[in-house]
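J.: Spelled out from the first residue to the last, the chains are:
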Amino acid sequence: MTSTFLGMPTTAPRGVGHLRGDQPFPAAARRSLADPQLRRNLRHATTTIRAKSAAVIAEALDWQQLRDAGAAIKADVMTRLPELLEQLEAAVTRAGGTVHWAADAVEANRIVTELVAATGSDRVIKVKSMATQEIGLNEALEAAGVTPVETDLAELIVQLGDDRPSHILVPAIHRNRAEIREIFLRAMPDVDPALTDDPAALAAAARRYLRQTFLHTPVAVSGANFAVAETGTLAVVESEGNGRMCLTLPDTLITVMGIEKVVPTWQDLEVFLQLLPRASTGERMNPYTSMWTGVTPGDGPQAFHLVLLDNGRSAVLADEVGRQALHCIRCSACLNVCPVYERTGGHAYGSVYPGPIGAILSPQLTGIEDNASLPYASTLCGACFDACPVKINIPELLVHLRAAHVTAQAETYRRVHRDAAAAYTMDHPALYAAAQRAARLTRLAAAAVAACPRRCPAGPSAATCRNRPHRPSANGGQNGEPTRTSARPPPRRHRSHSNHTGRAATGLPTGRRPPRPRRAGVPSHRLSGHRAPMLRRRGGEGG
Amino acid sequence: MRIALFVTCLTDTMFPEAAKATVRLLERLGHEVVFPEGQTCCGQMHVNTGYLDDALPLVRRHVRTFDPYDVVVAPSGSCVGSVRHQHAMVARRAGDERLASRAEAVSERTYELSELLTDVLGIEDVGAYYPHRVTYHPTCHSLRMLRVGDRPLRLLRRVRGLTLVELPAAEQCCGFGGTFAVKNADTSTAMLADKMRHVLSTGADVCTAGDVSCLMHIGGGLSRLRTGVRTVHLAEILASTEAP
Ligand code: SF4
Chain P
909 MTSTFLGMPT TAPRGVGHLR GDQPFPAAAR RSLADPQLRR NLRHATTTIR
959 AKSAAVIAEA LDWQQLRDAG AAIKADVMTR LPELLEQLEA AVTRAGGTVH
1009 WAADAVEANR IVTELVAATG SDRVIKVKSM ATQEIGLNEA LEAAGVTPVE
1059 TDLAELIVQL GDDRPSHILV PAIHRNRAEI REIFLRAMPD VDPALTDDPA
1109 ALAAAARRYL RQTFLHTPVA VSGANFAVAE TGTLAVVESE GNGRMCLTLP
1159 DTLITVMGIE KVVPTWQDLE VFLQLLPRAS TGERMNPYTS MWTGVTPGDG
1209 PQAFHLVLLD NGRSAVLADE VGRQALHCIR CSACLNVCPV YERTGGHAYG
1259 SVYPGPIGAI LSPQLTGIED NASLPYASTL CGACFDACPV KINIPELLVH
1309 LRAAHVTAQA ETYRRVHRDA AAAYTMDHPA LYAAAQRAAR LTRLAAAAVA
1359 ACPRRCPAGP SAATCRNRPH RPSANGGQNG EPTRTSARPP PRRHRSHSNH
1409 TGRAATGLPT GRRPPRPRRA GVPSHRLSGH RAPMLRRRGG EGG
Chain Z
394 MRIALFVTCL TDTMFPEAAK ATVRLLERLG HEVVFPEGQT CCGQMHVNTG
444 YLDDALPLVR RHVRTFDPYD VVVAPSGSCV GSVRHQHAMV ARRAGDERLA
494 SRAEAVSERT YELSELLTDV LGIEDVGAYY PHRVTYHPTC HSLRMLRVGD
544 RPLRLLRRVR GLTLVELPAA EQCCGFGGTF AVKNADTSTA MLADKMRHVL
594 STGADVCTAG DVSCLMHIGG GLSRLRTGVR TVHLAEILAS TEAP
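Protein chains in written order, with the numbering used here: chain P, 909 to 1451; chain Z, 394 to 637.
Accuracy of the hints is not assured; some may be wrong.
Claimed, not checked - FRET-style restraints, in silico, Cβ to Cβ:
(1) P:Asp1071 to Z:Thr620: 31 to 41 Å
(2) P:Arg951 to Z:Glu420: 40 to 50 Å
(3) P:Gln1317 to Z:Arg619: 15 to 25 Å
(4) P:Gly1053 to Z:Gly488: 53 to 63 Å
In short, the hints are calculated from the structure, not lab data.
Glycine residues also receive a C-beta, built at the ideal position from the N, C-alpha and C atoms.
Can you build the whole structure from these sequences, using the hints too?
T.: If you want it as structure tokens, here you go:
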């Protein structure tokens, strides 16, 4: 195979999707902090879920080993992502599905819109999905004359309220019952005008509306929590069963999945299906875990499309420290324990990814300059690191991104100041003449240095002598070197990026692969296989 | 034992009483405390704000200053956290592996005050007397970076005359976070408001902690609200005796 360098992978494009807010964090937070209802809802919801989650985590005696296993599997995935994705593509295709590669939000939206148009349907039902929110798929579908209907209850509340989600798992965490009732009365078709704010009545109203929609919509769009490379199996984890309706009733199923969601083997799921429910909703086991592999004749959707979404992920992968953010399984434990999130809520973060994970993921997907305030939206208290089921060192990443921002700013300032100084000088003839004289003197000095005899006496002025071997200064270039930041070697990049080939569409590295640390570092309790029988049982249930 | 005091820049500049108390306490317990000249700041503020390159000379200086000592103590969990978890990283990022390993060696000999007392000196009853109602805020970096656990509480429980009251939601951050308090002043204040609410709910006269930075934040809020509740560093409580 020949290698072609396609350049560094690009970040998520501007003007599409929901990764950028319209205000920096401090300003957006100020607005949220002033909302007493929001503050009360957030405090109540996060306190409740924290206690629930802590109780079931305390029961899992091997919790720390499970976390280690989850972290190790994800780290392994990142080192050989390209090959796993190709394996996934082959397995899905073999099972009767079609795989599409989308380099960014624009391409993913176009692919899905065209697939829906080909079915002739003017409506799709949607399973709750972060990836489709990230790319702004609903807006793209609406622009193409297709009505997307969110079927997750909280997402439906957000959609009907013409609102934005504020939590990964509980998108309407900022709404209370009274507000939900008002939203339903205003926006839900054929709703009973005598609707009360009783939770059961609200749920029943949503159920009536959604059942009709499930039965009369031939196309569904979902995200995915996991995809198994070895078998081509996709998995969606949810609590209401509405997701399963979408995944089984329609004729056509389109799944949009971030490329980082792939896991190597079926057995790897056992780790994540134990970690996810306890960390996210505080449940021992997830209520509805749907898994499907391609198409099964006569059962479920007869056309299955998998859209693999990059949208900046390859750029994140290229950063050896930053790529930890791709390990995220979207459990939202870090949001629930974050003292900043608990007070500001999700909207302050601008992006669909709020809280600590948003603070490290959004700036990397968009490039630091488009979300520069987010890495600073943390006191570095470390609660998120302790809570994360896959042990993402969020405080470390926050500091890493702050450093990236400082470096980027230094570049800008230097450029601006140099250009500004040049312009100012040229606009002032006396200064200009002085600068010219100075430039001439520099040339004279350079000529003198060039003529310097070989046995140049060492001394202070000898530093400029070309005959003296240059020793890189040990203190980061403080010896009068003007550009300290550029003196540092450029950040090391993921090796395979210099070997781009193949997947031009996604910008994915698929050339020469890094060595495989397969299973290296996976704690032995996971390898010993003593869980295998449990897994088989559970796998059978999930099918 | 000969112990080097790493005073930390904030304590030295703003709250020298905490440093003086540390010296008084350790000398009362029969140890020799030395103050290595030339120490400044560990560089935590620079690292946490993204100026990692600027922190490098400070790391170098810190390592040079404290390298000769067998035991180093600081009255600050946060600065010890920086020495332990950031110094080697800053050195490695700059490609200075030698500095990194020296920094690691220094960090292994550097202790936060409650760690020094309980782990190294093996003492919980320091012979202190402090007749006040006290609540303890664990501070995030002591709690999660250093994992000091209940060491400070064990020390406080042995102080005669002291009534220790549990702080609700103690493990939640007070909202300081260094430059966070400046860059995100509104959110920081919202967090502080809840911390103060919890402190006041204990009915304590004194809120203590192992970090002057968090105490500065909490104490600033408490004094502006004229609550009458004071913040006092753990070292000051442990240094107090009946005979002044
Ligand atoms: S970063 Fe960790 S804690 Fe936060 S959502 Fe992702 S997996 Fe969960």
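J.: Now tell me if each hint is right for this structure.
T.: Here is what the structure says about each hint:
1. P:Asp1071 to Z:Thr620: 31 to 41 Å: holds, 39 Å
2. P:Arg951 to Z:Glu420: 40 to 50 Å: Hint holds: Cβ distance 46 Å, inside 40 to 50 Å.
3. P:Gln1317 to Z:Arg619: 15 to 25 Å: Violated: the Cβ-Cβ distance is about 41 Å, outside 15 to 25 Å.
4. P:Gly1053 to Z:Gly488: 53 to 63 Å: Holds, at about 57 Å.
Of the hints listed earlier, the one the structure fails to meet is number 3.
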